[in-house]
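Put chains B, C and D on the given structure of chain A with help from the hints.
Each chain, letter by letter, is given below.
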Amino acid sequence: MERFLAQNWTVIQPALFLVFTGLIVLLVDLWLKEEEREWLAYFSLVGFGGAGVIVVRQWLAVRGLETPITGFGGMMVLDTLGLLFQMLFFLVGFLAVLLAPGYLTRRRLQRGEFYALLLFSTAGMSLLAGAQDLIMLFLGIEVLSIPLYILAGFARPRLDSEEASLKYFLLGAFATGFLLYGTALLYGATGTTAFEALRASEAAAAPRENVMFMAGIALLLVGLGFKISMAPFHQWTPDVYEGAPTPVTAFMVAATKAGGMVALIRLLYWGLGPADDVWRPLLGVLAAVTMTWGNVGALLQRNVKRMLAYSSIAHAGYLLIGVLSGGVGFVAVLVYLLIYALTNLGAFGVILLLEDGEREALDIESYRGLARFHPGAALLMSVFLLSLAGFPPTAGFFGKFLLFTAGISAGLTWLVVVAVLNSVLSVFYYARVIVKMYMQEPVETPAFSRSWLVAGALAVAAVGVVLLGLYPTVVVRLITA
Amino acid sequence: MIVPVSYYLVLGAILFSIGVTGVLLRRNAIMVFMSIELMLNAVNLSFVAMSRALDSLDGQVFVFFVMTVAAAEVAVGLALIVAIFRSLGSADVDDAHVLKG
Amino acid sequence: MSAQFVIFGLLAVTSVATALAMIFSRNAVHGVLFMVGNFAAVALLYVLLGSPFLAAVQILVYAGAIMVLFLFVVMLMGPEPAPLWEHIPGQRPLALLFGLLLAAGLIAAVNVEELTGVPGIMSQEVLERLGQPTALAQTLFERYLLPFEVTSLLLLIGMIGAVVLAKREKHELQAERAPREGGAE
Amino acid sequence: METLLWALLLVPLAGAVVNVLLGRRLPRQVAGWLASGAVALAFLIGVMATLRLLALPAEERAYVTPTLYTWALAGRFEVPVSLLFDQLAAVMVLVVTGVGFLIHVYSVGYMAHEPADYDFRRYFVYLNLFVFSMLLLVLGSNFVLLYAGWELVGLCSYLLISFWYTEPQNAAAGRKAFVVNRVGDFAFALGIFLIWSAFGSVVYADVFEAVGGVAPATLTAITLLLFVGCTGKSAQLPLYVWLPDAMAGPTPVSALIHAATMVTAGVYLIARASALFAAATSTSAIVAWVGVLTALFAATIAIVQVDIKRVLAYSTISQLGYMFLGVGVGAYTAAIFHLVTHAFFKALLFLGAGSVMHAVEHGAHHAGEHVDPQDMRQMGGLWERARWTGITFLVGAAALAGLPLTSGFFSKDEILAGAFLEGHVLLYGVGLLTAFLTATYSFRQFFLVFAGEPRSEAARHAAESPRVMLVPLAVLAVLALGAGLVLGWPPEHGIIHTWLEPAFAVAREGTKAEGGAGLSPMTLLLISSVVALAGAGLAYGAYVRKAVDPAALSVRFRPLYVLLWNRYYVDELYALLFVRPFFGLARFLADVVDKLVIDGAVNGVATVTAGAHALARRLQAGYVRVYALSMVLGALLVLGYLVYWGR
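Chains as they are written, first to last, in this note's numbering: chain A, 1 to 481; chain B, 1 to 101; chain C, 1 to 185; chain D, 1 to 647.
In isolation and in its complexed conformation, chain A is listed as follows (with noise of 0.2 Å):
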């Protein structure tokens, strides 16, 4: 008992918070009846706002720290970038548990566990953004996937909900058996499975010399370049993207690629960073194939989410020009995150208006004009669109500024060169959607559902996309303060 009084809890308390958040609604769910149950969603809101607090003040706290606190025996660490990236996961999440009230209930979808896995899912990614050890990192991984897995079938028995489920869970299992292989492969190599070992070990000092060491960071790769839809491990993105309720892809798009990064970020750099000659030119090919790929992939989709899905994976690849920039990259990576998610979550936010409970507008010709029904609507979208394009002068842009000028000073001119190429690209695809509501007459009347909470997301959203992208320079002081 004093053992387990004596561990620095402090580190994992937004996690716990969330988690505990998270048991409280499964509770509560038991005496709602199925019209009340919308108040877990506010319950949620407070518990993001809780974690919300606690990594603020903790960030406060550690700012100032030359070395940062760790705790669980090295397990975790707190220091600024994993409380931004926390930051980042529970806005991410409260915005997310705005869209899915009203369209839980028009499917009748509306039941607790819904909000509590939202939460677990979101204590993974805060656990991954501290993680020190491999163990961490499988484990933060799960806690991150197997909610999900569940929440992209909780639409059921729709069967393209189902559908999205397995084929996420089984490939998901299936890239975990690869990180988990990677793992033993790296433990045989070194002895150890924790970040600072693995980093002053003799293995990490000369990879080249250590087959098994070499072997283990492949696989390691594989398993999270599933994770973050890096190609050609990214084929399960669209079918689950699409297949999965709206609310539940408006939070894998934006959160899940923010907590693989940063698990890609603590693995490289903490773990296998004296190793770096290894992985750089490897990751650099993969992100330069990644982008093109997610890009050429979109230009030809019909269906609005599954476009969207190959976006992130475009998304995914500019990201990686960041990861291994390294130093001011991170920050790239974190600010370019924050916009993208509010982007997403916009854009979802837009299809879901756009929603009645039968209809959905997933088909690009479900926006034929719909300027002249919903004005705002479109406008918004348009915004999200354009900054999803890194169109001047959006948040978007300026994102990508960011990463490009970060891989620019980082010497990787030739992969910022295809990157530039696939941004003028995509916004090919990006602008089709707007010409579709602002150019063609519309044959129907669209679906419409009026909600304020995905109202009050949505403006969330857009203010954050305008403004960052006007006068971004208090997020970036803050961040690199």
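Rather than coming from a laboratory, the hints here were simulated on the basis of the structure. Among the hints, a few may not be true.
[Stated by the list, open to error] Distance ranges between label pairs, derived from CB positions:
{"id": "1", "chain 1": "A", "residue 1": "TRP414", "chain 2": "D", "residue 2": "TRP6", "range": "38 to 46 Å"}
{"id": "2", "chain 1": "A", "residue 1": "GLU196", "chain 2": "D", "residue 2": "VAL20", "range": "53 to 61 Å"}
{"id": "3", "chain 1": "D", "residue 1": "GLU59", "chain 2": "A", "residue 2": "VAL53", "range": "34 to 42 Å"}
{"id": "4", "chain 1": "C", "residue 1": "LEU100", "chain 2": "A", "residue 2": "LYS33", "range": "54 to 62 Å"}
{"id": "5", "chain 1": "C", "residue 1": "PHE141", "chain 2": "A", "residue 2": "GLU209", "range": "34 to 42 Å"}
{"id": "6", "chain 1": "A", "residue 1": "LEU27", "chain 2": "C", "residue 2": "VAL118", "range": "45 to 53 Å"}
{"id": "7", "chain 1": "A", "residue 1": "TRP414", "chain 2": "D", "residue 2": "LEU573", "range": "24 to 32 Å"}
{"id": "8", "chain 1": "C", "residue 1": "VAL118", "chain 2": "D", "residue 2": "ALA215", "range": "44 to 52 Å"}
[Unchecked claim] With the Cβ distance kept under 10 Å, some of the chain A side facing chain D (calculated, not the full set):
{"id": "9", "residue": "LEU282"}
{"id": "10", "residue": "GLN440"}
{"id": "11", "residue": "VAL443"}
{"id": "12", "residue": "VAL463"}
Idealized CB from N, CA, C, for every residue including glycine.
Below, chains B, C and D without anything else, positioned relative to chain A:
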């Protein structure tokens, strides 16, 4: 440790590859799932062997966690398969003709 | 001394054979049974590696509980209809080829004279003195306390998942009484 | 001054915002006049700002507003959001807002027949947004703001080209403009990144100051990338293909965006970055040659076209080529001078063409005949029926042809003289040949439309356009006629020269090789006059006096004629080389690689129209296996790379 550790590791590699092949080969979701379990099993074997060879318990502890996670995944996975089975309706699955498509 | 080699050889052959039999079995029920055999063989290998405790857990949890669950589901769904693999052109040879290549690559990576990892202090003698389960438990609750707690969360999530995915809400049951059309909306 | 400049930038934006917010409640005419008023106000502010600049000594006429805020990135990278107002910016602002205002006014009349209020408003919102974006492009104090404006004008142009989207080819034209411009923008963005990595800043002042300290190869790379960006936006070889199709948009849009302002952004960029280009001599040579060849190439095409707007489109490409020739040989002032006069006379010609089409459409309506109002073969004899349009069009054609004393005459001659005096005799020769062709096609067009007898019932019943359209025409005609003399006389020492020269002082240092073949500027002026008159005379001979029969010529030189008529088959070539392979690849990746076997149903939601059967098949993990296969392949590659090749 009389049998060299590499024997165990090679065996683990073979079992892992068989599991992967199973995933690539099988159509039935349950069989795919079992093949994944086989992969995890191979990983566990490697962990235990390494743990023994390195005189450290970390590998064995890892095996515990892998098993627990596998249990959680099985619960979710099998429930999912049952749910899909139910959505499709039992008649469809019995009807081999339909599945041949 | 050579007895260990013989036992290892037998178990290795058994585990590979059952694994192959599982992935090629025509009948899912047989597949489950082969899988149980494979788990048993691996459990015996654990014994050979000096971890009887893990071997017991393997048999109880994996072969016992989990595989029985699999068996239930397979029985519930009925036998898998023929053909075993739907024809996707090139899938089968490619799968076998990739499997072989992967095996070759992995074997090359793990087939080392000696592990390069830094040895720890838990040698077999120490373990025997401490008692293996005790040593394991100590590691588990000291260094691995946090992961241990996290797994409890994972198991909870697994339970929720099973409930969410398999439980039927009232309105669904009502809907089911009405004539079904195509399984989905 | 600071307030003035921000107001200048934001007034058109405010116009657009007000129209979006209140548009529904306002009568359509009010919406149109509101938009025009915003631009007029911007023009007035621009004039005031210019006057303030004029009050300063010539060397100090560059005002940079205090940084509103810094658009900072992590590390060293900073983009101050501030505006730069100097001589060059002043000229551009006055052209953009001045011509912009006239075109807004014209549009009120032109778009009056638009059936839906919604579309009418939408048009003016886009137009105001365009003016805002163009001002941002011109006024930004650094390359990033310029890029922001550059992208936004592109977006507006795209929206306006496909304004009448119900016609499928209009939407296609918009897309084409968009795609082609992507290529240019890609290069431009790379150029900016390169500037940043070479100079550590993107602010004009910092960059131009440090030119000397950068390796020539880097400078060449930067300028080349910027120039590729220009070839996209300013429709030069080989990226010009979008501009002729862009004529699908409403005619005032063609006048404003695709003739007077946006397409000249490339020229502006090079003039703005003249310090860089002057230091990169090889790039400048490339710019000059691409410019002059584009001029010739487009002029040869223009000479056989029969669509009234298409002729003007190719002539725009050709004239832009002249401007690039100017900046390429270091005659920056001349190029900007030509930019200004071209804005006047080409806007005039486009608006005139719009007026002609308006007239012919009216006639067609009256006669109950269906004709293509852009086909010049159906016109003729409009001089009597639309006199004011005719007169103004004649002025425009004369200025385009460079007839002596018109505005185009002075500016074009100055570019040619610049090339000649810098010693580029070959460039001068090609430019002169093009000038001859220009005079020919511009008068061919005038005569085909206005001279002779009407060749269709529609032309016979054509009627003059309303006054709201004619007034802008008249104003532009005065400008097209007189601007050259007012601004550019005497050559090299006119108002525009004394005004602009200090802006290019850095770039002009060290050049100015006197010489050529010893011909004085006045002699060159004379040569230009003769060539222009000869070209016009040829057109007169062929189309009015019928001394030469064009039809017979086209039969005689049939292969050449067919080649020109089909615009050198460039579109077809591009389709073959790029478009088809690209979409092939996209389809391959999306369908074959990602899906292996695709059926159309997969792309829609799995809404089970095909029933549970098809789904059941997929649920049997069929696709899961394919995905897993690709994952394993990836794993093998990664493993192979790290374990075998990577070591």
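Hint by hint, where does the structure go against what was stated? Just the numbers, ascending.
3, 11 and 12
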